[in-house]
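**Q** As given, the protein sequences belong to chains Z and C, one line each in that order. In terms of the numbering used here, the first sequence is residues 176 to 479. In terms of the numbering used here, the second sequence is residues 176 to 479.
Everything labelled a hint here was simulated from the structure, so no lab data went into it. All values reported here derive from a predicted model rather than from experimental measurement. Warning: the hint list may mix true and false statements.
Just so you know, same-sequence chains aren't split out, so a pair can sit in one copy or run between any two.
[Said to hold, decoys possible] When the alpha-carbon atoms are kept at most 20 Å apart in a straight line, the in silico SDA-like pairs for lysine to any residue are as follows:
(1) K434 <-> Q469
(2) K367 <-> E403
(3) K314 <-> Y359
(4) K392 <-> A466
(5) K434 <-> L399
(6) K362 <-> N348
(7) K362 <-> N472
(8) K362 <-> G381
(9) K195 <-> R353
(10) K249 <-> G389
(11) K238 <-> M371
(12) K362 <-> F193
(13) K362 <-> W327
(14) K337 <-> K357
There are 2 protein chains.
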Amino acid sequence: MSLLVVGSVAFDAIETPFGKTDKIVGGAASYISIASAYLAGKSNLVAVVGNDFLPTDIATMQKHGVNTEGLQIKQDEKSFFWSGKYRNDMNSRDTLITELNVLGTFDPIIPESYQDCEYLMLGNLAPAVQLTVINRLRKRPKLIVMDTMNFWMDVAWDDLMKTLAAVDVLSINDEEARQLTKEYSLKRAAQKIHAMGPKYVIIKKGEHGALLFGEGKIFSAPALPLEEVFDPTGAGDTFAGGFIGYMASKNSTSFEDMKTAIIYGSTLASFCVEQFGWERLLDLKKDEIQARIQQFNDLTSFSA
Amino acid sequence: MSLLVVGSVAFDAIETPFGKTDKIVGGAASYISIASAYLAGKSNLVAVVGNDFLPTDIATMQKHGVNTEGLQIKQDEKSFFWSGKYRNDMNSRDTLITELNVLGTFDPIIPESYQDCEYLMLGNLAPAVQLTVINRLRKRPKLIVMDTMNFWMDVAWDDLMKTLAAVDVLSINDEEARQLTKEYSLKRAAQKIHAMGPKYVIIKKGEHGALLFGEGKIFSAPALPLEEVFDPTGAGDTFAGGFIGYMASKNSTSFEDMKTAIIYGSTLASFCVEQFGWERLLDLKKDEIQARIQQFNDLTSFSA
């Protein structure tokens, strides 16, 4: 199987109640590509950065199984930059700065060597760009997963509807699911999203876990109760990376495997929030991951 | 085993986006006693009402396995009355009227025939009254579960601490757990509550399910994703009733059985919200309950 990840690679500057960073690596595809490569062995990246992006950071991606052949480096331009500050409850944040830079004109060029893509993860991006990626793949992948956010519902509704109609799985948070469907009940929201295209809907609920809807079935995964969330940035993308990475590793599109994939995604996300940015993802051990998968088993198992 | 339920029996007038009731039976102990009797076969009730309470409602309790020997009926006084209106998201409500009436001077008299109590559920009441019940039982029950609310944290902190120190399990919602401990992390909140007395802590999260902490272990139960919540009144009390009722039916105080008890509590609560007040609880069938327990199994099971 071949796994393709498309999305932003960026700089973030983050402030939480625990501390503050200068510019560090951020962006949906940074998290997704590394997290998915942990499970699938490798991932192919399509993204764009400016010439301010450090070769050492690209080397870090490569070292973790990310093929960066599709990472465009724009000379004389700057990378996408986001700066945000989390409030004390860590559940809400204020955006301080958004500089689109190279992302404003991103043309997702698919290297020829990526054309065997069977598993496609479209990280949060303009829906039109996401659709371009699908259209540029000569063979439709077995599984297309897409993430999005409320911003695109406000400014690119028609594009969003077209892209939704072309994907298999939508990964979205609860607030966004409600905005997208005007339904408060997440069960009803999922039904409406099915009607927009995606046969499977993942609703991320942060500290409350995630729900998977599809084939008339529902799966509910908890989040691991944590004493401390150090930095939530990238948790949702790491979750998505774990999800697609597990599906690719199993070469599967079944609902049963999606359930386990959600547990793997939740596990990787639970590591992600322990340190700033993607730091914690860079030194993960296989047995650490397995031990936490076991924690999820213990957390949810009961006899009745 | 003998199961004792103490708490309010009251009238409620409820308004939701789906409709409006006149005075109907409400109160924590009404829900708890009926829900627990479904699982334990019977429950002993200690509560107080005025002479406006209808004999037919008492008969309804009795028909569902509730022993009302300990239900005091105060002549020339009125029952506790609460009126509230739910907002459109059904997750928040405004209290319109609270008339304490008989509850203001409630003296919880324990009938002699209740002294064999092994399982005690203290529904939400003034903590001093809850403690009086414990002190009036000559033999300490095997398991004492207590519910409370933020109101008592504001007006009766010292009493609350004394009562907490005397119980085994605290059942509380997430917002209340945070207020009680000044901790945002529910895992840390549970640790602080353990230090106040209860070896086991159940944190109810409404549509996000519930967490059980104890013996260094954690169990996470989902709520059943519902298309519609018709009336959430009594869901938390029905949950508590299912919990204590299951433990009593198993004559157990083990963590493993508490996990299953939480699933039974969640199951009964999922029925409760389908109609106004306790209506849906009055015609529950054993096989309906079992079918929904199976839904919880399907909802949470995965292989990893």
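**Q** Of all the hints numbered above, which does this structure not satisfy? Sort the numbers upward.
**A** 3, 9, 10, 11, 13
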